[in-house]
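A.B. asks: Could you build all of it, start to finish, from the sequences and the hints given here?
Protein chains in written order, with my numbering: chain A, 1 to 213; chain B, 1001 to 1525.
Don't take each hint at face value.
To be verified - Computed cross-link-like contacts, SDA-like style, restricted to lysine to any residue with a CA-CA straight-line distance of at most 20 angstroms:
| no. | chain 1 | residue 1 | chain 2 | residue 2 |
| --- | --- | --- | --- | --- |
| 1 | A | K197 | B | D1064 |
| 2 | B | K1372 | B | P1385 |
| 3 | B | K1406 | B | S1424 |
| 4 | B | K1372 | B | D1495 |
| 5 | A | K149 | B | D1040 |
| 6 | A | K197 | B | T1065 |
| 7 | A | K149 | B | V1119 |
| 8 | A | K149 | B | L1068 |
| 9 | B | K1029 | A | L91 |
| 10 | A | K197 | B | S1123 |
| 11 | A | K149 | B | T1065 |
| 12 | A | K197 | A | T172 |
| 13 | B | K1406 | B | S1458 |
| 14 | B | K1372 | B | A1501 |
| 15 | B | K1178 | B | T1200 |
| 16 | B | K1372 | A | V33 |
| 17 | A | K179 | A | E140 |
| 18 | B | K1253 | B | L1300 |
| 19 | B | K1178 | B | S1205 |
| 20 | B | K1372 | B | D1129 |
| 21 | B | K1178 | B | L1152 |
| 22 | A | K197 | B | S1072 |
| 23 | A | K149 | B | S1072 |
| 24 | B | K1029 | B | M1074 |
| 25 | A | K149 | B | Q1076 |
| 26 | A | K197 | B | D1069 |
| 27 | A | K149 | B | H1112 |
| 28 | A | K149 | B | N1060 |
| 29 | B | K1178 | B | T1188 |
| 30 | A | K197 | B | L1068 |
| 31 | A | K149 | B | D1064 |
| 32 | A | K149 | B | D1069 |
| 33 | A | K149 | B | F1036 |
| 34 | A | K149 | B | Y1070 |
| 35 | A | K197 | B | L1124 |
To be clear, the hints were calculated from the coordinates, so they are not data collected in a lab.
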Amino acid sequence: MLYLEQRNVSGLDQLLYNRRLLTYLPRVEFATVSRCQQIMLDLWQSYTYATQDYLISPQLQQSLVSAASRELPDGTLAFYDRALTILSAGLNISWQDLLTLRWGIVINAAQISSPQAFLPHADGLRIFSEVSYQDYGGKEITTLHTGDKTVSLARRLHEVLLHLDAQRQQGTLGAAVEKIRRGVTPASPALLKAVAKHHTLIEQLDEPAVISA
Amino acid sequence: MTSHLREVTHEEILAQDLGTVTIDRPGIKAILDFIFVWLDLAKCTVQLRGNATQLALPCNLSVDTDNLDYDSLMIQLPREESECWQEGCMLQINVEVFRRLFRFTLRCEFVHQGTEHRVLTTSLPEQIDSANIRHLPRVRLTQAMGLALPPLTIADGTQTTWHEAQVLELGLHSILVKFSSMVPDAPTVLRFGALELTVTTTRRSSDTLVLQMHFRDGRQAGAFFDIYRLVAYPNLRPRHSFPTAEVFALYMKTNYLKQFLGEDAAGAVQGELEHIWDEVGRTQHGLSNDYVAINGAGDLCGASSLTQAFSDQFGPFWVFHQMCAVNEPDMLQCTRQLYNWRTEYLLARPESTRSLVWFRSSSRWLERIYVKLSRLASPRSHLRPVLWVKGVYQRPTAATGSSRVKESQETFGALPRQLAWSDSGAVAAIGPEYLNACASLSGALHPGDGDVDFAALSPLLDAVLARGAQTALSVHVTVPATAPIPNGFTAHSSDRFMHIAHEDLALLLSCVDHSIALTQRKFSR
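C.D. replies: Next up, the structure:
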């Protein structure tokens, strides 16, 4: 919502009560190229956050994380979430796919942990059903579809995250990341290059943390 | 259109280029985005840098689409042709898309050996050279096309013996021919039917020659264009080859006349238009060039014109005008031909040309073409918002002759056109009234990069009216977009004006081809 010179009470009321409104801005913000670019980026970020909250309300998010934590191995949720943020930064992955990855593993685990509790939300949460936790403990990185373009990037990223988490659980995350880093060539898949590029940050994730809902 | 990399080398293209533009880091991502979006229409070649004797090899260029930003490029080559290409070597890449050539240097960082192909992973370019392809691509002839052409004979240096030759590829500036008899050492003249042209040999193999044409003047270039269009623009026909009543029906059917003249006036001008078209038809390849397009069934489906409508001390201004096309789903190729022939026609001429066009910004199609062109073009071309007003201009009874106004006269058939220009660069012309079907070419403007108001154009209008012995006439005047509409005048729907310098014409072809491809892609989705 835009205003010409100054905000008015009616506009602020609208912003407060209409959840579909993201922000209330002066029109002049769109008059210069540099300011307009920043505003559009901010608006886009607000939109993605609002969509996430629209699909999964903040209260439901907390309940889901709590239930999923009981089902998943210790530290998996926090590791997965943080590693996803690090690795996806340089990848050509859509925000919808990112949202699905971020919440798919949580929602699937929560529905296994407390099937009855989330039954009323089943329809709304179905879009996240494609991504679920699997134990990748026995799999080598070379057996994953890291560069196979017939598999979606989101699915391949999910596999790599589960693989790294399995290594973390076994206490071999540092060695696994180092092995990837050493094997990377200029022709390696983007996913492996991303792991190699951020190897220090990923190794530092080998500590328990709390996922922020 | 095809570009035959083995026949027209990129060196040939770059040698023809009058001004290569170098794009540095900030623009590189945009160029790479452009290349990869249109990779299916691009032709890529690669050669080892510094190895001038090696032919450029056709290659497939790709990128890892999993990355948000480019981190490397990948080049796939046939294995047997690239055995010596190793890590660390420097590669020169040429990408030709929409008649633009992008050239950049890459360092090979990794070589992957496949069974049939070799894939080189490379660095990103530090800079990209962009050239408009001035050496216009030659069209490779099919057998049917060859039969449509007049017979070709070539004389040797002494012009005593004429040899029959077969045209393999035909371009506006060059021609690839195959000889069936003894090859003369230095052919100097060729004949296409009755048309005789001076040529020089630019490349030669055992039985083929690339000959470069040298046109004596614009009329000869135009005559050759009529041969070239048989293969490059197969849907085009000269307007005068159709009965004027049929052409009038086309302009009515496409709503061109109703849109600009109004429902009632459109029908009333038929007699006037048909008379003018008959007269103008006599000046084909002179002052005005008018072509119509036919569809697969042979019915008229579009038309466009190119006319020397104004002049100043440096020569004529060509105007792109009278473009109309029926709204049929398979008209895209005809539309491309109706737009592009005018540009290629001007490119073929030996002299440097200047072109003008007015268009409506509400047309996304036109806006996309000309805004893109203005962004890429040299400073000598410019696009600006204007107010194009039309109304009856009354010449003052008192003499207003100005010594700074120069005047001249041209004739379209038997019909005179009065022209005037001033030292400030403003121009005006009147007559014949329906030289453009909506009577928009009688008027005044300042074609340069600057707005001139109505009052400053009045002396020119006075001059052309006085010269034509008229006291009042309906005119179109181009004034600044912010100017008020003069009393008694109305605003034309066209609100953009572009002046196109000769060196930017190749870019216009590129912009039209790009827009056609965008539209095709939109339809196919």
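A.B. asks: All the hints need checking, so say for each whether the structure fits it.
C.D. replies: We went through each hint and held it up to the structure:
1. Proposed proximity of K197/A and D1064/B is supported: the alpha carbons are some 16 angstroms apart, at most 20 angstroms.
2. Taken as a hint, the K1372/B and P1385/B pair is honoured in the structure, with Cα atoms around 15 angstroms apart against an allowance of 20 angstroms.
3. At roughly 11 angstroms between alpha-carbon atoms, K1406/B and S1424/B fall within 20 angstroms of each other, so this suggested pair holds.
4. With a CA separation close to 17 angstroms, the supplied pair K1372/B and D1495/B stays within the 20 angstroms bound.
5. The suggested pairing of K149/A with D1040/B holds, with an alpha-carbon distance near 18 angstroms, which does not exceed 20 angstroms.
6. The straight-line distance between the Cα atoms of K197/A and T1065/B is roughly 17 angstroms, inside the 20 angstroms bound, and the hint therefore holds.
7. Distance restraint check for K149/A and V1119/B: the Cα-Cα separation of roughly 17 angstroms lies within the 20 angstroms cut-off, and the hinted pair is therefore satisfied.
8. Only pairs whose Cα atoms come within 20 angstroms are accepted, and K149/A paired with L1068/B is accepted, the gap being roughly 15 angstroms.
9. A distance of roughly 16 angstroms separates the Cα atoms of K1029/B and L91/A; the hinted pair therefore holds under the 20 angstroms criterion.
10. Of the supplied pair hints, the one linking K197/A and S1123/B holds, its CA atoms being roughly 17 angstroms apart against a limit of 20 angstroms.
11. For the given pair, K149/A sits about 9 angstroms from T1065/B by alpha-carbon distance, which is consistent with the 20 angstroms threshold.
12. For the proposed pair K197/A and T172/A, the alpha carbon gap of about 18 angstroms is at most 20 angstroms, so the pair holds.
13. For the suggested pair K1406/B and S1458/B, the alpha carbons sit about 14 angstroms apart, so the restraint of at most 20 angstroms is met.
14. For the suggested pair K1372/B and A1501/B, the alpha carbons sit about 15 angstroms apart, so the restraint of at most 20 angstroms is met.
15. For a cut-off of 20 angstroms, the pair hint linking K1178/B to T1200/B stands: about 15 angstroms separates their Cα positions.
16. Of the pairs offered as hints, the one joining K1372/B and V33/A holds, with about 19 angstroms between alpha carbons and a cut-off of 20 angstroms not exceeded.
17. Among the hinted pairs, K179/A with E140/A is consistent with the structure: their alpha-carbon atoms are about 11 angstroms apart, no more than 20 angstroms.
18. Between K1253/B and L1300/B the alpha-carbon distance is near 10 angstroms, which keeps this suggested pair within the 20 angstroms criterion.
19. A C-alpha spacing of about 10 angstroms is found between K1178/B and S1205/B, which places the hinted pair at or below 20 angstroms, so the restraint holds.
20. A distance of roughly 18 angstroms separates the Cα atoms of K1372/B and D1129/B; the hinted pair therefore holds under the 20 angstroms criterion.
21. Using a Cα cut-off of 20 angstroms, the hinted pair K1178/B and L1152/B holds, with the two alpha carbons roughly 11 angstroms apart.
22. At most 20 angstroms may separate the alpha-carbon atoms for a hinted pair to count; K197/A and S1072/B meet this at roughly 15 angstroms.
23. Restraint check: the Cα-Cα separation between K149/A and S1072/B comes to about 17 angstroms, which is no more than 20 angstroms; the hinted pair holds.
24. The straight-line distance between the Cα atoms of K1029/B and M1074/B is roughly 16 angstroms, inside the 20 angstroms bound, and the hint therefore holds.
25. Proximity of K149/A to Q1076/B is assessed by CA-CA distance (about 17 angstroms); at most 20 angstroms being required, the pair is judged to hold.
26. Restraint check for K197/A and D1069/B: the C-alpha separation of about 14 angstroms stays at or below 20 angstroms, so the hint holds.
27. A C-alpha spacing of about 18 angstroms is found between K149/A and H1112/B, which places the hinted pair at or below 20 angstroms, so the restraint holds.
28. At roughly 17 angstroms between alpha-carbon atoms, K149/A and N1060/B fall within 20 angstroms of each other, so this suggested pair holds.
29. A threshold of 20 angstroms between alpha carbons decides the hint, and for K1178/B with T1188/B the separation of about 16 angstroms falls inside it, so the pair holds.
30. Restraint check: the Cα-Cα separation between K197/A and L1068/B comes to about 14 angstroms, which is no more than 20 angstroms; the hinted pair holds.
31. Distance restraint check for K149/A and D1064/B: the Cα-Cα separation of roughly 10 angstroms lies within the 20 angstroms cut-off, and the hinted pair is therefore satisfied.
32. The straight-line distance between the Cα atoms of K149/A and D1069/B is roughly 17 angstroms, inside the 20 angstroms bound, and the hint therefore holds.
33. The straight-line distance between the Cα atoms of K149/A and F1036/B is roughly 17 angstroms, inside the 20 angstroms bound, and the hint therefore holds.
34. Simply put, K149/A and Y1070/B have alpha-carbon atoms about 17 angstroms apart, close enough for the 20 angstroms limit, and the pair holds.
35. Our distance criterion of 20 angstroms between C-alpha atoms is met by K197/A and L1124/B, whose separation comes to about 18 angstroms.
Consistency with the previously given hints is maintained throughout, with no hint failing.
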